Amino acid sequence: MSVVTLRPKAKPMPQAAKTVIDVKDLSLVFETNDGPVNALSNINLSVDGGEFVSFIGPSGCGKTTLLRVIADLEQPTSGSISVNGMTPSEARQKRAYGYVFQAAALYPWRTIGGNISLPLEVMGVPKAERKDRIARNLELVNLSGFEKKFPWQLSGGMQQRASIARALSFDPHLLLMDEPFGALDEIVRDHLNEELLKLWAKTQKTVVFVTHSIPEAVFLSTKIVVMSPRPGRIHEVIDCNLGSERTLDIRESPEFLEIAHRVREGLRHGHSYDQAHL
Amino acid sequence: MNFVRNSVIPVGTVLIGILALWYVFTVILNAPFERDQAARANTTISTSELIANTMRQERPVLPAPHQVAAEIRKTVFDISPTSKRSLVYHGWVTLSSTLLGFGLGTLLGILLAIAIVHSRTLDKSLMPWIITSQTVPILAIAPMIIVVLNAVNITGLLPKAMISTYLSFFPVAVGMVKGLRSPEIMYLDLMRTYNASKAQVFWKLRWPASMPYLFTSMKIAVAISLVGAIVGELPTGAVAGIGARLLAGSYYGQTVQIWAALIVAALMAAVLVSLIGLIATFVNRRMGARA
Ligand SMILES: Nc1ncnc2c1ncn2[C@@H]1O[C@H](COP(=O)(O)OP(=O)(O)O)[C@@H](O)[C@H]1O
Ligand SMILES: [Mg+2]
Chain A
1 MSVVTLRPKA KPMPQAAKTV IDVKDLSLVF ETNDGPVNAL SNINLSVDGG EFVSFIGPSG
61 CGKTTLLRVI ADLEQPTSGS ISVNGMTPSE ARQKRAYGYV FQAAALYPWR TIGGNISLPL
121 EVMGVPKAER KDRIARNLEL VNLSGFEKKF PWQLSGGMQQ RASIARALSF DPHLLLMDEP
181 FGALDEIVRD HLNEELLKLW AKTQKTVVFV THSIPEAVFL STKIVVMSPR PGRIHEVIDC
241 NLGSERTLDI RESPEFLEIA HRVREGLRHG HSYDQAHL
Chain B
1 MNFVRNSVIP VGTVLIGILA LWYVFTVILN APFERDQAAR ANTTISTSEL IANTMRQERP
61 VLPAPHQVAA EIRKTVFDIS PTSKRSLVYH GWVTLSSTLL GFGLGTLLGI LLAIAIVHSR
121 TLDKSLMPWI ITSQTVPILA IAPMIIVVLN AVNITGLLPK AMISTYLSFF PVAVGMVKGL
181 RSPEIMYLDL MRTYNASKAQ VFWKLRWPAS MPYLFTSMKI AVAISLVGAI VGELPTGAVA
241 GIGARLLAGS YYGQTVQIWA ALIVAALMAA VLVSLIGLIA TFVNRRMGAR A
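As they're listed, the protein sequences go chains A and B. By full-length UniProt numbering, the letter at position 201 of the first sequence is numbered 201, and the numbering carries on one by one without gaps. By full-length UniProt numbering, the letter at position 27 of the second sequence is numbered 27, and the numbering carries on one by one without gaps.
Bear in mind the hints are in silico, worked out from the structure with no lab data behind them. All values derive from a computational prediction rather than experimental measurement. We put the beta carbon where it would ideally sit given N, CA and C, even for glycine. One should not assume that every hint holds.
Unchecked claim - Reference listing, derived: stretches of chain A covered by chain B, where coverage requires no fewer than 3 residues with Cβ under 8 Å from a Cβ of chain B:
(1) 55-62
(2) 181-195
(3) 221-231
To be verified - Distance ranges between label pairs, derived from CB positions:
(4) B:Ser182 to A:Lys131: 53 to 63 Å
(5) A:Pro126 to B:Val136: 47 to 57 Å
(6) A:Gly243 to B:Met287: 19 to 29 Å
(7) A:Glu31 to B:His118: 17 to 27 Å
(8) B:Val136 to A:Pro108: 18 to 28 Å
(9) B:Pro128 to A:Glu129: 23 to 33 Å
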């Protein structure tokens, strides 16, 4: 395992430095009926404030599990992890992060506005402010005018945008996204990638993003974590700083292609390592 | 109109079929009596006369639909609702204990389901008892409930309602356990990321998710509550209610009266079930179901 930790020369974000997520020697074993599954093995990772970090790797390499550990939705078997300097459980109780699932997971009996209102209601935000925030976040994801619609009346891409607005509605500094665009077609995905990037630049949030698309990872990230399966581990961490003012055209640039090549090599290497084990 | 094509025509067709079959059986079942009469009087009877006669007996084995309809018209519309011979009076007696028992049963069922969903111990300990309760035949239990409650001076509506409650809490409890557990893991995880309390998870997720289950089980519960109320009226000595009419009718061989009471009970059940269906549709609309 080669962990490349090249510090970027110049951070595009002003509020850098502060470590938001710090993972040390973390492992997680699922006890299943078919015996133990080493979902995560010896993970070391640090994510700074304002970074956009992608986890990339083949299915089953533990991307979702690692994200869920950060979110306190799974408990590690060994090792340590801190989020905002706290345990994940404390961070969750402080509502430190917004989580976007692979499916939009909108409650079907609530309107789009009602869904965005859900975390605010849970957190006791007064009604007038809820209304304000619903409008603001709908605008942020370009869904103004859809507040009164029910989820089934929206396309998949619009539903996923609504779920992002829901995660942003209570203004967490950390955004955890598990393949949010995985189920969408490429044209919609490109469009949402651009929007997400703008949103990230505008809000200066820290984003941890799971994907298995190389272009998506390179386009969006400041840091790409290449993972490999059985046991799930980090194969390589690749820095990736294409500047904050990116458009989709950047995907034709030599820098982009070079990083994409490195990611692809990393994935292949991680995989052959896996086969050598079999 | 869609309603006509989707509801009136199919339901009407079946109704006409049933009525036709009913008339056929009226003739078949009542004919022996007419033949006996003719034989005893040493007269012969033509077929058309025989058929006509089978439909105007005073105590037929099976009364003809129009006889039942006439009895219903008389006892529902012609007789004052305060009279003991009015089916409106008896229907109301049964309906009130049905509704009381159904209301209590639904409430009990929901509360049990909430307890079971939130406590592993209760799930393990309560569920077997709930299921066992329904394996005891209601006809055996009903007189005991009535007699015991009468002994402690609880009479009238409540003992009968208890029997409805006993029957109706079950489908609601079982349906609601399923409904409250129906939210996907992802929906629950989402609540966890918000650090929502158990009460918030209940009111904002489990409860709304369980609505379709609630209405489905309430439809069963209301129909079974009516049965419970009627059964509850039998051991009280047939004082009042649809059950009393059935019992009195069978004492005196008043088959027309029995059938009239039966039809009215069936209509009541149909109205109650459709009413819940209507409420369900209304609630579904408000909860964003596709039209
Ligand atoms: N709750 C669970 N119980 C048992 N095994 C699990 C569970 N969740 C994930 N796994 C296993 O852990 C491994 C990693 O899964 P996951 O994190 O979902 O991978 P990825 O998101 O990279 O596709 C897989 O082998 C998966 O089968
Ligand atoms: Mg996954």
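Outcome of the hint check:
1. Residues of the stretch 55-62 of chain A with a Cβ under 8 Å from some Cβ of chain B number 0, which does not satisfy the need for three, so the listed coverage is violated.
2. For the stretch 181-195 of chain A, the stated coverage by chain B is violated: 0 residues have a C-beta nearer than 8 Å to a C-beta of that chain, whereas at least 3 were required.
3. Look at the stretch 221-231 of chain A against chain B: 0 of its residues bring a Cβ nearer than 8 Å to a Cβ of that chain, fewer than three, so the hint is violated.
4. Restraint check, Ser182 of chain B to Lys131 of chain A: a C-beta distance of roughly 30 Å breaks the suggested window 53 to 63 Å.
5. Our hint of 47 to 57 Å for Pro126 of chain A and Val136 of chain B holds, since their Cβ atoms are close to 53 Å apart.
6. For Gly243 of chain A and Met287 of chain B, the hinted distance range of 19 to 29 Å is not satisfied, since their beta carbons lie about 46 Å from each other.
7. Between Glu31 of chain A and His118 of chain B the CB atoms are about 26 Å apart, so this pair conforms to the stated range of 17 to 27 Å.
8. For the hinted restraint 18 to 28 Å between Val136 of chain B and Pro108 of chain A, the CB-CB distance of approximately 40 Å leaves it violated.
9. Judged by the Cβ atoms, the range 23 to 33 Å given for Pro128 of chain B and Glu129 of chain A is violated: they are separated by roughly 49 Å.
In summary, the structure is inconsistent with hints 1, 2, 3, 4, 6, 8 and 9 from the numbered list given earlier, while agreeing with the others.
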